[in-house]
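**Student:** In the order they appear, the protein sequences are chains A and B.
With the working numbering as the guide, the letters of the first sequence map in order to residues -19 to 515.
With the working numbering as the guide, the letters of the second sequence map in order to residues 7 to 512.
The hints are simulated quantities; they were obtained by calculation from the structure and are not laboratory data.
Fair warning: there could be bad hints in the mix.
Pair by pair, the computed Cβ-Cβ distance ranges are [stated by the list, open to error]:
| no. | chain 1 | residue 1 | chain 2 | residue 2 | range |
| --- | --- | --- | --- | --- | --- |
| 1 | A | Cys23 | B | Asn344 | 57 to 63 Å |
| 2 | B | Thr42 | A | Arg12 | 41 to 47 Å |
| 3 | A | Ala181 | B | Asn387 | 48 to 54 Å |
| 4 | B | Phe45 | A | Pro90 | 43 to 49 Å |
| 5 | A | Ala257 | B | Ala436 | 49 to 55 Å |
| 6 | B | Asn387 | A | Pro474 | 22 to 28 Å |
| 7 | A | Pro90 | B | Leu401 | 18 to 24 Å |
Just so you know, even glycine gets a beta-carbon here, dropped at the ideal spot from N, CA and C.
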Amino acid sequence: MFLSNAHILGAVLFTPAVGAAVLLFLPRARARATRIIALGFGCLTILNALPLLWRFDPSSNLLFQCIADAEWIPSIGARYTLGIDGISLLLVMLTAVLGMAALAASWVEPGRERSRCALLLLLEFCLLGVFLSLDFVLFYFFWEMMLVPAYFLIVNRGEGPAARAGMKFFVYTLAGSVLMLLAIAAVWHSRQTFDMREVLAHPFGAADAWHAQKWIFWGFFLAFAIKLGLFPFHTWLLGAHAESPTEASLLLAGASLNMGLYGFLRVLLPMLPEATARYHVPIMILAVISIVYGGFLCLAQKDSKRLIACASIPQLGFCALGIFALTPLGIAGGVVQMISQGIVIAALFLIFDSLSARRGTPMIEGLRGAPRETPGLAAFYVLFTLAAIGVPVFSAFAGEFAIVRGLMERYSIFAACAAFGILLFAATLLWLYQRIAFGESPADLAPSPRPLGRPEWAVLLPLAALAIWIGVFPQPFFHAVEAPVKQLVAVVNPGYYVNRSALDRSGHGPATSVRASQSPPPSRTAVAKAVFGGR
Amino acid sequence: MDPGSAQAVFGQAGRDSVFILPQIMLAVFGVAILLTDRFLPQAQKRWHAFTALLGLAFSGAALGVIARISPRGISAFSDSIAIEPFFVYFGWLCLAVAALVILLSARYLAALDSQGEIYTLLLFATLGMMFLACGNDLVVLFVGIEIFATSLTVLIACGAPHDSAGGRKSAEAAVKQGIMTALAAAILAYGFSLLYGIGGSTNLRAIAEGITRNPAGAPLAFAALAAICAALFVQLAAAPFHEWMPDSCQAALGPVAAYAAIGAKVAAFVLLLRLLLTIFWPLCTTWAPILAIVAAVSIIAGTLASLTQSNTRRLLGYLSIVQVGFILLGLVAAVGPNGSVNERGLQAVAYYLFVFAFFGTGAFSLVISSGGVVAMRKDLNEAQGFTGAAPGTILLMLVFLFSLAGVPPTAGFIGIWLVVSSLVATGHKALALLAVACLPLAVYSSLRLARAVWRPATGLAATWERASWMETWGLAVAAAVTLGAGIFPERLLHFAQYSMLSVLAR
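Please construct the entire structure, taking both the sequences and the accompanying hints into account.
**Tutor:** Below, the structure written as structure tokens:
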């Protein structure tokens, strides 16, 4: 609580790792103690991260805050550098919350507490590390290390499909990350530094050879796209998220997919603006394919867990589409949508796990009528379905609205595609809701009404509160990301602000740029105002 | 006193003997084991393990003293022995490999009649390796590699009784390995004789001067280079000279297999480094492409072959060939454009070789530790795991397996990082791409092993023996080095660079 700015991020980062280490020394038989201690460390991580909310100054001119910096491996030039900006702040909070939720969700199913909890804490540690690192080596270190706990969580000592899915996940995503390794080596080769802040201050541009930029761009892009499951690289995702136990899929789908988007925002856009500006349209096309194809993929699923796993593909495609629109609204919307989908997907995984546990099957056919037997669960199910499809006052609305607005400013055609994607996704989830909530229970299934357990309440209630908060009052979220988003747009799409002010001076801006254009050059709160002031 | 008199020569030799005290220790303890083996009853023979460890410890301590009294380097025995940081670094490494193998396999060996011979031969092989690390004369180097290779051949032949199936297999593997190393030794001797022709001396310094002074002798030097490289590639088991290695891994006794897979590579690398970085450095633009091809073939052949192996030992053997490829790539990246030195590449080689000895030996504990012997005997797809029987061991073994695959936070990751970044820095983009493209495949093979380890030990828990304290210590030390050098590599990197430059800068 009373840590200095230089230590607070280290404390947040290492709390889960210490927790995992402590768990290793507990006797295996003490299941309850193991769970309580694991949960305690999950809690402690959130408590350590909470002060960030008021220590972080969103209106500061500093690019990164709460910086911790120390020597690590001087002979290869790697440093231990941690820091946050608005984007990583949101992701760190999301990871801490979902890590806690995953630990609580692991209470539902007994057995092998020690290894499961330790692996969850380790995964949380690696994810936090990715979001906090400001040094390329450290970043890559956590990025790749994350595969180890994730692999064992997915395989879960199972054979057959789970083992195959885990293997595919590990090998496929590693193939992506090693390309990033090459790209990072190339960045070192041309910049002689692994410090992200320095590369951000001097992004690749006209002074650098175009072919080098091109290769670095594609190396990073492939790593990030594979991680977030963008269209042609999504095949690992389905198996990995559907086969793993719920607590793992919650953390994987909710937080670890965001690593890919975070990579776009931290590395690709600000460090390689020229290449991004040149290639962003093909990437947007991939994102649109993700949205549409992912939507149809969801429609075709018969297994509820697979369906939720699939739902990540259109959702993240949507975020990527917003980010590559390269407008302030699109990027800010992408970030907020990323947080929102993390919460919503995690909650849906939990809800369907609870439903399936009560019915003994994850198949949609077998779940017909299940929510009626557990009213508490039914309420959460309605809430999160509405939150996922972007109904106003629920979380997805804020992000989706901003993304579509951001797209309209530059690419109306992509905005139309996005709108179609939203419709398709909504149709999928509503149809699922119709079948499950209003369907007749299968005749051969004896109803086993079991009220919502304490761990389930404890997880779902805070997630619901967050989902509603983002929907009703997203201003703090947009405010937090405003400065970094402005910085991003200024680097990657410098024409944006120039054209804006020129248009405003001449006095006849196009109708699509309603609010943002009215304050030449956009004031600090322009992004947020543009979304919520104009409604 | 007349410098040529016998008294002067022997007096000097007596003083110089201090500098080979580590080797003398090994010889003394090896002979002690050999002698006491005659008198000890079978039940007491397990004490040989302690004697051998004690010998290694004394040798290591002597090496520490030498490092303290001559930090900059010194030459002894008329410049045929060079005591440099290189010797200290790799001397400790050789001792550590032998100590690890003994720690991990004491229980395995305790059941054998021939354990006394095995410990003696392990110490003698290590002695040979130590001479490779300090030899500054072709004769010393040749004697060193012969002591090592002969001991190894006999070690591989040691095994189950020779009328059993296992005994016949190890005899076959020994013959195979013996013929290969004899052939390699002959080629090596040929290369050495060419070098003698160039320099008019067996001293490395004189030969190096001969090569730089006499450009007309270049074809001769190339021929010597080719012969020496070919011979050492056989020892390294670098593809396409690797076929004997998986066979001997499979057929030899477990601990010997570990020593043959890891120790032989360390020995061959030490000799390779000593020759390439000193006398052959002027020809670096010639040998770098040769090494690049061999490294690429090793990585490709090793990963592809490892994909389909169902025998744990063969799989480990092929994965160690991949590691050899990576280390060779580091050596390729040590040569910058126009023959300049890329210190990062040299550092990568020394660091990678050091940590590979630890995590490679650790990974072999899969087949030589008390649990692994039981669990991993079968086909990999049906092998029993460790879960439920040895929870601590699982964690340690996973550390080694992930290090083989180059996944952080292990030392294997830092090694790969150093190699790839120095390859990019020296403009070998295609090689860097090849290296990282093969990594996921290597990961696939390691994960197959990891999955087998992670399985429950159903039905085995009853027959499971608890790991002995020696084994636990061996695993713990290897894991500590693998993780420690992976998370905080700075000290080792510094030492690695210092030791490599001590040879190069002469």
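**Student:** Each hint should be assessed against the structure and marked as holding or not.
**Tutor:** Each hint, compared with the structure:
no.: 1; hint: A/Cys23 / B/Asn344: 57 to 63 Å; verdict: holds, 60 Å
no.: 2; hint: B/Thr42 / A/Arg12: 41 to 47 Å; verdict: violated, 55 Å
no.: 3; hint: A/Ala181 / B/Asn387: 48 to 54 Å; verdict: holds, 53 Å
no.: 4; hint: B/Phe45 / A/Pro90: 43 to 49 Å; verdict: violated, 58 Å
no.: 5; hint: A/Ala257 / B/Ala436: 49 to 55 Å; verdict: violated, 29 Å
no.: 6; hint: B/Asn387 / A/Pro474: 22 to 28 Å; verdict: violated, 57 Å
no.: 7; hint: A/Pro90 / B/Leu401: 18 to 24 Å; verdict: holds, 22 Å
In this structure, the hints that do not hold are numbers 2, 4, 5 and 6, in rising order.
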